[in-house]
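Trainee: Sequence:
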Amino acid sequence: MRLNLAAPPTTQHFPSDKARRNPCGLRPIPDNGDERTTCRPMPTHLLPHGMFSRPCRLGNAALIRLAGLCVLIGVGLATASGDTDLMERLAGERFGAAGSASVRAWRQMIADALPLDDLEKLQRTNTFFNRRISFDDDATVWKEADYWATPLETLGRGAGDCEDFSIAKYMSLRLLGIPADKLRLIYVRAQIGGAQSTLSQAHMVVGFYPSPEAEPLVLDNLIGEVRPAGRRPDLYPIFSFNSAGLWIGGATASSADPTARLSRWRSVLVRMQQEGLQ
Numbered sequence: 001m002r003l004n005l006a007a008p009p010t011t012q013h014f015p016s017d018k019a020r021r022n023p024c025g026l027r028p029i030p031d032n033g034d035e036r037t038t039c040r041p042m043p044t045h046l047l048p049h050g051m052f053s054r055p056c057r058l059g060n061a062a063l064i065r066l067a068g069l070c071v072l073i074g075v076g077l078a079t080a081s082g083d084t085d086l087m088e089r090l091a092g093e094r095f096g097a098a099g100s101a102s103v104r105a106w107r108q109m110i111a112d113a114l115p116l117d118d119l120e121k122l123q124r125t126n127t128f129f130n131r132r133i134s135f136d137d138d139a140t141v142w143k144e145a146d147y148w149a150t151p152l153e154t155l156g157r158g159a160g161d162c163e164d165f166s167i168a169k170y171m172s173l174r175l176l177g178i179p180a181d182k183l184r185l186i187y188v189r190a191q192i193g194g195a196q197s198t199l200s201q202a203h204m205v206v207g208f209y210p211s212p213e214a215e216p217l218v219l220d221n222l223i224g225e226v227r228p229a230g231r232r233p234d235l236y237p238i239f240s241f242n243s244a245g246l247w248i249g250g251a252t253a254s255s256a257d258p259t260a261r262l263s264r265w266r267s268v269l270v271r272m273q274q275e276g277l278q
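Note that full-length UniProt numbering has the sequence shown beginning at 1, numbered continuously upward.
Source of the hints: derived by calculation from the structure; they are not laboratory data. A few of these clues could be false.
[Stated by the list, open to error] Restraint-style ranges between C-beta atoms, simulated for each label pair:
(1) Pro-228 to Asp-85: 31 to 39 Å
(2) Leu-86 to Gly-177: 34 to 42 Å
(3) Gly-96 to Gln-196: 27 to 35 Å
(4) Glu-93 to Ala-214: 36 to 44 Å
(5) Arg-266 to Pro-228: 25 to 33 Å
(6) Leu-86 to Arg-231: 21 to 29 Å
(7) Pro-179 to Gln-108: 17 to 25 Å
(8) Ala-139 to Ala-97: 39 to 47 Å
(9) Gln-196 to Ala-145: 24 to 32 Å
(10) Gly-193 to Pro-228: 21 to 29 Å
(11) Leu-116 to Lys-143: 18 to 26 Å
(12) Arg-94 to Ala-195: 19 to 27 Å
(13) Glu-93 to Thr-140: 17 to 25 Å
We put the beta carbon where it would ideally sit given N, CA and C, even for glycine.
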C-alpha cells in the first residue's frame, strides 16, 4: 500500500497511472469554510481553462489515518460481485415498485453491457445513470448535510448528488469486469464562472485509465459524454482512491479533511455488503 506525497506534476490535470507517485494538483480557491461535498449542476458554457499546482501538507496523525483507510479501501474494492436478486428484492421492500423497477433496469443494463468493450461499457454506464437518476442534494434526498448512498439507495430513490452518481457508476463498472486498477473515484473542485473566476464547487467523478500511460477518461453526472481529462480543464483533483491506494493533492486555501470523506466511503462499503454488493 502506497501513500505518496511528492510534489505534484505541473503538466497535466490528472496524473497518468504511470505517474501515480505524484499527487494531483489543485488550484488555490477562496476558503468559505464549507467543504461539504455538495455539488450542483454547472452550466457548461462557464467551464474555465488553465491551472497550476502546489503540494499539500498533512500532519503525521492525518497520514496514519489515511494509510489505514487505504487498507480498508483495498479490502473493499479488490473484487466486485453482486447478489442482484437480493438487491432487487430489497429495493422493492424499501422503495416500492418504482425502486425494484429501477434496479431491474440496472440489472438489464449490466447484462447487455457485459460483452462490450471497455469504452462502450463506460458510455453505457454513464448514460444509464445520467438519464435515470435525477440530481438533487443530500438535504432534499436524505435529510442529511452530506450522505453517500449505495447504488441500491440511489436507484431506489431515483435521485442523488455527485458522490451517489460516482459510487453507482464505479461499482457498476467493477461488476462489468473492469479491473480496479483502471478505475478511481476522484474528488475534485470544479471551477465555475469563466477562466478568471475564483469560484468553485466540490464535486466527484469517476476516472478510467485505459493503460498505465494514458490520461484518464472521466465519467461525470454533469456531462453525458465520457471525455478525456484533457478536455475537462474545469476539474481540479484533490484526492483519488481505488483498491491500490490513495493519491492526494491540495492547497493551503482548503480546510478539507480527506479522512472525513473516506470514513463515509467506509460506511458505504459496509452497507453495500449488507445489500448484496461487494
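Trainee: So, for every hint listed, does it hold in this structure?
Mentor: Hint check results:
1. Range check, Pro-228 to Asp-85: about 37 Å between beta-carbon atoms, so the 31 to 39 Å window is met.
2. Between Leu-86 and Gly-177 the CB atoms are about 20 Å apart, so this pair departs from the stated range of 34 to 42 Å.
3. Checked against the hint of 27 to 35 Å, the pair Gly-96 and Gln-196 fails, with Cβ atoms roughly 48 Å apart.
4. Distance hint for Glu-93 and Ala-214: a CB-CB separation of about 42 Å, consistent with the stated range 36 to 44 Å.
5. Here the CB-CB span from Arg-266 to Pro-228 is close to 31 Å, well matched to the stated 25 to 33 Å.
6. Checked against the given bound of 21 to 29 Å, the beta carbons of Leu-86 and Arg-231, roughly 39 Å apart, lie outside it.
7. The given range of 17 to 25 Å is respected by Pro-179 and Gln-108, whose C-beta atoms sit roughly 24 Å from each other.
8. Taking 39 to 47 Å as the suggested C-beta distance range, the pair Ala-139 and Ala-97 does not conform, at roughly 26 Å.
9. Hint check: Gln-196 to Ala-145, Cβ distance near 31 Å, so the stated range 24 to 32 Å holds.
10. Checked against the given bound of 21 to 29 Å, the beta carbons of Gly-193 and Pro-228, roughly 23 Å apart, stay inside it.
11. At roughly 38 Å, the beta-carbon separation of Leu-116 and Lys-143 lies outside the given 18 to 26 Å, and the hint is violated.
12. The hinted range of 19 to 27 Å is not satisfied by Arg-94 and Ala-195, whose Cβ atoms lie roughly 45 Å apart.
13. For the pair Glu-93 and Thr-140, the beta carbons lie near 23 Å from each other, so the given range of 17 to 25 Å is met.
Hints 2, 3, 6, 8, 11 and 12 from the list above are not met by this structure, while the remaining hints are.
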